[in-house]
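Quick mapping for you: the protein sequence lines, in order, are chains A and B.
Throughout the first sequence, residue numbering follows full-length UniProt numbering, covering 1 to 794 in sequence.
Throughout the second sequence, residue numbering follows full-length UniProt numbering, covering 1 to 794 in sequence.
Don't read these hints as lab results, they were simulated from the structure.
Because the structure is a prediction, the values reported are computed rather than measured.
You can trust all of the hints, since none of them are fake.
Note that the list lumps identical chains together, so a pair holds whenever it fits in one copy or between two copies.
Calculated pairs, SDA-like style, for lysine to any residue (alpha carbon to alpha carbon, straight line, at most 20 Å):
#1 Lys567 with Ala608
#2 Lys567 with Asp622
#3 Lys567 with Gly620
#4 Lys442 with Ser722
There are 2 protein chains.
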Amino acid sequence: MVGEESPRFVGRSMPRREDHRLLTGRGQFVADLVLPGMLHAVFIRSQHAHGRIRAIDAGAAAAMPGVVRVLTGEELLRLAPPVAGGQLSLPSKWRTQVQHAIHNPQQPMLAVGKVRHVGEAVAVVVAESRDQALDAAELVAVDIEPLAAVVEAEAALAPESAVLHEEFATNLIGELAIEKGTVAAALAAAPHSLRRRFYTHRYAGLPIECRGVIAAHDPRTDSVTIWSATQVVHNVRRAAASFLRLPEARVRCVALDVGGGFGTKGHIYPEDLLVPFLARLVGRPVRWIEERQEHLLCSCHSRDQLHEVEVGFDSEGHVLAFRDTFLVDCGAWNPIGVAIAYNTAVHLLGPYRIANFAATARIVATNKVPNAPYRGAGRPEAAFAMERTMDLIAQTLGLEPTEVRRRNMIHPQEMPCAMGLPYRDGEPIVYDSGDFPGGMDKALQAIGGLAAFRQRQQEARRHGRCLGLGVASYVEGTGVGPFESALVRIESNGSITVSSGACSQGQGMETIFAQVVADLWSVDPQDIVIALGDTSQIAIGFGTIASRSTVNLSAAIHYASERLRAKVFAIAGNMMECAPADLELRRGKVGVVGVPGMEVTLAAVAQAARPGWDHRRPAGVDAGLEEIFYWEPPTVTWANATHLALVEVDMASGSIAIDRYVVAHDCGVVINPMLVDGQVVGGTVQGLGGALFEEFIYDRQGQLLTGSLMDYAMPRAGDMPSVELLHQESPSPLNPLGVKGVGEGGAIAPPAAVANAICDALAPFKVEINATPMKPEHILKAVAKSRHPDRSRT
Amino acid sequence: MVGEESPRFVGRSMPRREDHRLLTGRGQFVADLVLPGMLHAVFIRSQHAHGRIRAIDAGAAAAMPGVVRVLTGEELLRLAPPVAGGQLSLPSKWRTQVQHAIHNPQQPMLAVGKVRHVGEAVAVVVAESRDQALDAAELVAVDIEPLAAVVEAEAALAPESAVLHEEFATNLIGELAIEKGTVAAALAAAPHSLRRRFYTHRYAGLPIECRGVIAAHDPRTDSVTIWSATQVVHNVRRAAASFLRLPEARVRCVALDVGGGFGTKGHIYPEDLLVPFLARLVGRPVRWIEERQEHLLCSCHSRDQLHEVEVGFDSEGHVLAFRDTFLVDCGAWNPIGVAIAYNTAVHLLGPYRIANFAATARIVATNKVPNAPYRGAGRPEAAFAMERTMDLIAQTLGLEPTEVRRRNMIHPQEMPCAMGLPYRDGEPIVYDSGDFPGGMDKALQAIGGLAAFRQRQQEARRHGRCLGLGVASYVEGTGVGPFESALVRIESNGSITVSSGACSQGQGMETIFAQVVADLWSVDPQDIVIALGDTSQIAIGFGTIASRSTVNLSAAIHYASERLRAKVFAIAGNMMECAPADLELRRGKVGVVGVPGMEVTLAAVAQAARPGWDHRRPAGVDAGLEEIFYWEPPTVTWANATHLALVEVDMASGSIAIDRYVVAHDCGVVINPMLVDGQVVGGTVQGLGGALFEEFIYDRQGQLLTGSLMDYAMPRAGDMPSVELLHQESPSPLNPLGVKGVGEGGAIAPPAAVANAICDALAPFKVEINATPMKPEHILKAVAKSRHPDRSRT
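Chain A with its partners taken away, still in its complex shape:
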């Protein structure tokens, strides 16, 4: 449909069109927004992890200068009783077709009756200035009767544990189980077996921009506009409309430039609804910008899973049966339900053919910050369990870990490969494409081959140096449904506008979707407007989470464009008196195939399509050049990668140096290699940050000990290796461009790869690292434990 001479933009490393504004200081983040008469909200937050609210006295605060309103949870409950169905509910109902049970406690906007984690909001002060609000907030007297804090998931399940949500009489608030084959029998019959516990600790996405919400109410139309640093403007809009009892048309949610999301901003938070509620209540715009300490204390954390794995295998290392029973410590609330646990369960299989498989998850409430998806969203925990297991099998049998993997891996000729389990969209899991062993080999070749490394390793050992090679492979279901929307419109000047529910947090979406549109329409990317993150642009949308936007929005754009192109050709054919079938797109024009110069511009077609006296549409063709398409993907497409870490461990200090870090990555067709590189490197760095540095540590009273960036050890550039990228492209057959998601992949494998590398480096000492993070003190403890196996840590 596009003429031959048109340049192709998909596949080119085009510079990001977003960067001009960001680099020249013209980006606008929610904190940059200033509205006339804007008030400032400050939350009063619980200092107790668990307790009963005896009383809140806001009298002194309300009398402070500049204070416009103080609101407590009890008062809010009277003003706005919760809406049935829950305002802080799942982004969409997951269609899990597996046995599961869930008690989803409904998170209040402000705590009522009890507090359940340090930092939980109990009241809010709205004042003329932020300083006035802060001063007044200090005078809100919150009388809390402390209760025993529940800080560890395992302990939380003990009969003697305090219970967070008394209505359920247990801290076990969710369970799910999936199984295929005959696991118990296969485990019993296996020639070899292993059983281990693996722990992935609590860390989280720390976007450079914290969260923030500004809302303004327009009494003229009783409508609200919400500016939120969110990944899901349409979900925020729906929830706010429901909470405020307004039609969705009266609520607009806008995400301006957003400084990183990583899943942390991927669902609805109380502030997304409470700030617009306050703005409407007091009749003036209200601003709340999260402080870094608030972010660490209140925005969702992630990971925090304890796995107990049993694996049965034969003497060649073939896995015969695998069972994983794991706990998800979901903190005080569970905003995403079973999604993370389900992600973990179905991603355990990784790139391997395992006939007998079972995973059982238990979701446990504790007095910690709620747990929600963060880049990887349950998959790093799965990769850690499975990839450590692969290495342990290799160690048991005296095989190379890569060889054990190769023997279990699904081969490209087996694609598409049905895995015998349902995905969380309810569809059977079928790996659609990919060359898993090929990727691993590519990574090994990049370091000169395995044998050469082993030689260097032996050489080093002779000099007392501990070098190690760690490999971790994974697969990732990306581009999950339920849908994404695209509106494609040709404006009267021939420019093309695309809007959607997808929201950018710095991924470069304006650039890559302009590339997609430019190819589909044979126009210059400069003539394309990509308008995302604003519900006023399109009524229905989903949002950007779960490595889904490139996959789903590109498909939605494709199909909307296909319909629109039929209309454009019908009108252009009418204008040029020729059959639509004879037409092609060429550089902003519609031309007759094989007849150079016989053409009309898209602008002329748009004018001809306009309603009115001068239109040149054929009979039966509606006016306007605008199509909305909702792409409802049948199921996910599977990306994959192998990460390879070469480390050196300093036995004296426990410190770990990463000499090389290689990623052989396959996300299908690559739209913009430079941006894919950025995604993979960024994800890998976050994965390494989690593996080596970042950690939320709670004490026994549920106080967060790493509640500032002085304590929560964010890695800096100097801490990170240079990440070497190798691309494979296995196009997905499931969408028109053949693309797969790439947002999260980088973060999945690093903890497993690094742990395997450390274990490989310390193999002579039979050191096992089965928990993250892997800080020097952990290494030293593990070394000590390997020498005194009775002292255990997890």
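Since chain A is already given, all that's left is putting chain B on it; use the hints.
Chain B alone, transformed into the frame defined by chain A:
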């Protein structure tokens, strides 16, 4: 399609939903808008009617405190050369299929080279405060070489006249002529003939809110938002996008509450484009709110036509031939081209059957404020010429004026009646429905019949009192194309949102369209959002001018709803496992006909229609419940009315008292009688204001002598009679609701009705009033002239 038990809202006098906000002070007009960092623009305007700009020195102004920018016409021309096609062009090309010629001078944003009317902007100052801008504006030294002012259209055509637009070498900048039959021959052969000149003076819509524009540029996306007190947000958006060289998607135009339009705000003004240009240039929001004096000096005036009529008739008063040659004094620029002249020409026929008819218009440039449509838009001038002629025929033949009318009127059994001329949409004029003599009779009955009045009149004369009865009938083509858009969407809570290009300036559109939607969908009007006046709601729209919105938007809503209902029924049928044909709408639900209780709510259908895993749409039905329809009316529908004025003239003072004023009005099906009454009364009051009080008077130098509300005599409530309304309803067969436009009608007939009444009152003195306004001094002069016929005024 709607169940029987549903209440009907169309036809009810429902209170205006807009009024709550307006009456509680929550309306928001453009002057209420405050943006952070907002600057203030003040224009420097010509004090000369005609002159050559020698130099503009802005140096001192630019150095004043707070001044951010001073811009002259020359500088603007360099920064933004005019776009081909003209940024201040017609709202849409009129498809006149008649002989016409037009030189449309392209109006600059700021004068370049010459000034052509007092008040024309030559430069603009942008400063931190309005006071600073005003102070600086006084220091802009504008050196103008005065040229002879051209103030009267007739004189402007004289060879010795100065020429405004030298490129055309004449002040005659437009001509058109329409004709049917053989006018010259029929005039020559007619037993009787008359020739008269009729003059309708210059007056205009004076909305309570002057114009105003605020614009903000978002450097993040290089987009602008324009808040303008305009009737045509989509036209402003298109023109601004063109002028700023931006895709339309990067320009949003919003009309908030607008305090009256009346056509004066119905086209694009320089400020609509210049203010956003300035905002983008200086990088801060810019505000310009028109002062009343500016409004009188710069916003378009109207009327100002001089007609020369020849009429031939037989002894029974049948009109055999009618020729009208008229001048339109269009002032310095001609923003609307031939539209007004064309309106006048084709409305001359009125409700009468006239076989031989010709109208020739000449559009003449003068050094006055540009002329553009104002409520009636060329029709009051036509009605004045024709309705005065009818009375003169009656006078000549000694017949009752109503009898002459009745003998010439088209009868209801002749409907639809082809008139043998094309409308300005290019379609043949066919009066679609109406009972013209019936309406006149109804008005006469309301005053107790003609004979009774004549008796009272005789009685009064015996006491030296001059009572008069004046009648004026007219027809009005309403609901002209080219199109209007409607987007109808059912939200997830079941509420229905409608958006469109139509813009309200106080007509009550939110109320009446909610009534239309409520009936179409069988829902409560409270569950309907009518979102108008915002280009972000729908990409393509036209706007509110020319008595068109009720007609065209109701039709667009109807057809969009029809399509959407098919989709709703398909999905509801799928949900209830029944055939869509068995379904009906009932009170927010879709139910099975004849099966009470078997139903699903619209909210449930909207949920089922959403894209995603849980949808319940049948195969082949797209997601979402949203339809856009562009109604492209085949041609206009014809409203009509007869106005009847009973006056008493005080011969001593020339003052006129209106004893009764009766309007028998037919605008087809009435959606909200209370609001139609408001429209008709309001229009009548404006018509009477023009007939008796309001007048723009220029001196020979082109200085406006009535440039404030002290001089321009706006009527007050106490000056106005109580208007008695009689409704007829002749449904239009041209649109689904049978409605006709009602916005302008009231203003068309009063000058003619009052003039006829005065002439009737003064019949014993043979006084002829053939010019407006009819102030006491004019009456006294006319009386004097009837006594000394050699002293003539027009």
